[in-house]
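Q: Here is what each chain is made of, one letter per residue.
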Amino acid sequence: MSILIYTENFEGKFKKSTFELASYGNEIAKRTGTEVVAITIGKVSIDALNELGKYGVQKVLVVKNSELNDFSVKAYSVAIEQAAKAVKAEVIIFGNNPSGRAIAPNISVKLNAGLAPGVVDLPSSIKPFTVRKKAYSGKVTVDFVISTDIKVLTLTQNSYKVIESETEISISNFDVNIPAGLYNAKPIKTVMNTGKLSVTDADVLVSGGRGLKGPENWKMVEEMAEILNAATCCSRPVSDLEWRPHHEHVGQTGKVVAPDLYIALGISGAVQHLAGVNGSKVIVAINTDADAPIFEAADYGIIGDVLDVVPKLNTALRQFKGK
Amino acid sequence: MKALVCIGHVPDTTSKIKFTNNNTKFDSTDIQYIIGPYEELALTRLLEIGGLHITVVNVGQKETETTLRKALAMGANDAVRVDAEPTDAMFVAKQIAEVFKIGNYDLVVTGKESIDYNGGQVDGMIAGFLDIDSVSGASKFEIINDKAVIEREIDGGREIIEAKFPFVTSAGKGFAHEPKIPNMRGIMMARRKKLKIMPAFEQEQATKTGTFYLPDAKPKCKMVQADNVQELVTLLHEEAKII
Numbered sequence: 001m002s003i004l005i006y007t008e009n010f011e012g013k014f015k016k017s018t019f020e021l022a023s024y025g026n027e028i029a030k031r032t033g034t035e036v037v038a039i040t041i042g043k044v045s046i047d048a049l050n051e052l053g054k055y056g057v058q059k060v061l062v063v064k065n066s067e068l069n070d071f072s073v074k075a076y077s078v079a080i081e082q083a084a085k086a087v088k089a090e091v092i093i094f095g096n097n098p099s100g101r102a103i104a105p106n107i108s109v110k111l112n113a114g115l116a117p118g119v120v121d122l123p124s125s126i127k128p129f130t131v132r133k134k135a136y137s138g139k140v141t142v143d144f145v146i147s148t149d150i151k152v153l154t155l156t157q158n159s160y161k162v163i164e165s166e167t168e169i170s171i172s173n174f175d176v177n178i179p180a181g182l183y184n185a186k187p188i189k190t191v192m193n194t195g196k197l198s199v200t201d202a203d204v205l206v207s208g209g210r211g212l213k214g215p216e217n218w219k220m221v222e223e224m225a226e227i228l229n230a231a232t233c234c235s236r237p238v239s240d241l242e243w244r245p246h247h248e249h250v251g252q253t254g255k256v257v258a259p260d261l262y263i264a265l266g267i268s269g270a271v272q273h274l275a276g277v278n279g280s281k282v283i284v285a286i287n288t289d290a291d292a293p294i295f296e297a298a299d300y301g302i303i304g305d306v307l308d309v310v311p312k313l314n315t316a317l318r319q320f321k322g323k
Numbered sequence: 001m002k003a004l005v006c007i008g009h010v011p012d013t014t015s016k017i018k019f020t021n022n023n024t025k026f027d028s029t030d031i032q033y034i035i036g037p038y039e040e041l042a043l044t045r046l047l048e049i050g051g052l053h054i055t056v057v058n059v060g061q062k063e064t065e066t067t068l069r070k071a072l073a074m075g076a077n078d079a080v081r082v083d084a085e086p087t088d089a090m091f092v093a094k095q096i097a098e099v100f101k102i103g104n105y106d107l108v109v110t111g112k113e114s115i116d117y118n119g120g121q122v123d124g125m126i127a128g129f130l131d132i133d134s135v136s137g138a139s140k141f142e143i144i145n146d147k148a149v150i151e152r153e154i155d156g157g158r159e160i161i162e163a164k165f166p167f168v169t170s171a172g173k174g175f176a177h178e179p180k181i182p183n184m185r186g187i188m189m190a191r192r193k194k195l196k197i198m199p200a201f202e203q204e205q206a207t208k209t210g211t212f213y214l215p216d217a218k219p220k221c222k223m224v225q226a227d228n229v230q231e232l233v234t235l236l237h238e239e240a241k242i243i
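Protein sequence lines, in the order shown, are assigned to chains R and C.
Counting in my numbering, the first sequence tops out at residue 323, every number present.
Counting in my numbering, the second sequence tops out at residue 243, every number present.
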């Protein structure tokens with residue numbers, strides 16, 4: 001019996017969300033008296049693999065297979081399914097990110113395992129297996145019960161903290177059997193956003209709305225992001241007006257985020273926007289309208305024109321950070 | 001070419017969410033139901049591409065037919081309602097996979113996620129049942145000859161994928177620019193379009209929801225004067241301990 005976590009690597013490296021996954025898996029393993037096994041696909045350095053042991057992973061299965069050079073939901077699912085069977089996984093956990101969200105449902109059908117997508121906390125009970133997830137686009141949370149023998153989860157980023165738990169780790173290669181040409185969807189090109197922290201990885205987000213009046217005023221947003229080591233994002237009207245790229249849109253129909261700090265600049269806070277950001281630990285809002293709904297969701301607020309307030313705030317932040 | 005588009009019947013995005021039965025059941029009183037925003041984009045894009053026979057499908061009870069009629073008014077050719085309570089994602093995916101097989105479709109398009117349960121799992125599960133590939137969260141979609149070219153967001157960037165039919169994809173933001181609004185002619189024609197009702201296929205329930213929790217009321221927002229930004233920096237550092 002074991003807890004299997006899919007530790008996705010990004011060009012051979014793990015992200016903080018991977019260690020959240022390991023820490024989360026480790027806690028479930030402790031409660032169920034089992035061990036945490038990680039599976040990773042592709043080339044990862046021994047140092048990076050050993051680091052997983054810091055967060056409680058006892059075993060790592062490294063899969064190398066030329067059929068997995070390109071990402072295919074079907075081929076990746078076959079590999080993870082074979083590993084799950086080999087280690088008799090009772091719980092299989094993915095990150096709630098684009099690849100985890102794609103593979104988890106497939107695995108769930110193949111293993112006849114119930115899937116809880118986007119869980120935000122540890123199981124409140126193992127029997128029946130009950131986890132908490134968001135529903136109605138972040139407006140509420142719900143207890144979600146999985147009744148099958150095998151359980152599949154995807155863990156929401158930044159909802160569980162990284163906990164060190166130094167463990168003896170064993171690393172081995174795991175051979176999978178994947179028929180050639182299994183997939184009919186094949187990536188032909190990948191375009192990475194250059195040099196910037198992504199919205200889903202950042203601990204701090206600086207978000208701009210229509211109150212900024214136009215794309216030419218985004219310099220101050222970017223400046224604040226640079227001072228705070230944050231990513232920039234925006235409200236829906238801003239991306240619809242093409243002031244900013246669509247991948248920066250946060251809200252119910254954009255990205256749902258849960259950073260430690262969310263700074264809303266000139267955003268009134270429509271219900272759809274709030275649904276996408278209300279998982280943030282601290283929200284700061286700056287807006288001219290004292291009655292704007294964003295102030296109901298915010299912890300700290302300033303009533304004022306962002307074009308006046310933000311440059312002053314940037315100066316104060318820069319001083320504080322000694323930058 | 002034949003496309004199957006899954007249509008969610010979901011509460012309007014501006015709805016105030018309430019529950020009954022000790023917070024275990026969604027209270028649908030005074031709730032307006034709409035086509036899921038992502039499914040609306042999916043259907044819009046396929047209509048823009050043109051030359052496809054489009055069937056819209058929903059797993060649900062009779063009340064979802066008004067939503068299917070709206071999809072027909074947008075321009076879908078016909079509709080299927082699988083007559084069952086959609087108990088969980090696996091059950092819904094199984095139904096759609098069966099409809100797909102019976103109708104010999106070439107592709108299935110779902111929304112990236114429903115805006116009620118936010119599972120985002122049905123597309124991948126359909127692919128699992130049909131043993132075909134899936135591309136989730138597509139932000140652009142083209143059909144070029146006998147292939148589809150799909151763009152999707154990945155962690156920190158985007159990926160362009162070439163997919164051979166059949167496959168499953170789920171539509172995210174950007175799939176179509178703006179949802180199509182049905183015109184009067186479309187609404188009139190929708191009344192005469194075929195809406196087939198099918199009995200459900202067996203699939204054991206794997207998951208269920210329990211108690212819903214509304215968020216705790218937030219403490220009142222602490223206001224800082226616009227000419228005293230230094231105080232905000234101090235509060236964030238000393239009180240919130242976040243910077």
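Don't take every hint at face value.
Unchecked claim - BS3-like cross-link-like pairs, simulated, lysine-lysine; straight-line CA separation at most 25 Å:
#1 Lys74/R / Lys147/C
#2 Lys147/C / Lys189/R
#3 Lys127/R / Lys140/C
#4 Lys164/C / Lys321/R
#5 Lys180/C / Lys321/R
#6 Lys25/C / Lys110/R
#7 Lys281/R / Lys218/C
#8 Lys186/R / Lys140/C
#9 Lys147/C / Lys281/R
Bear in mind the hints are in silico, worked out from the structure with no lab data behind them.
Being a predicted model, the structure only gives us computed values, none of them experimental.
Q: Does each hint fit the structure? Answer for all of them.
A: How the hints compare with the structure:
no.: 1; hint: Lys74/R / Lys147/C; verdict: holds (18 Å)
no.: 2; hint: Lys147/C / Lys189/R; verdict: holds (15 Å)
no.: 3; hint: Lys127/R / Lys140/C; verdict: violated (42 Å)
no.: 4; hint: Lys164/C / Lys321/R; verdict: violated (52 Å)
no.: 5; hint: Lys180/C / Lys321/R; verdict: violated (49 Å)
no.: 6; hint: Lys25/C / Lys110/R; verdict: violated (30 Å)
no.: 7; hint: Lys281/R / Lys218/C; verdict: holds (11 Å)
no.: 8; hint: Lys186/R / Lys140/C; verdict: holds (15 Å)
no.: 9; hint: Lys147/C / Lys281/R; verdict: violated (44 Å)
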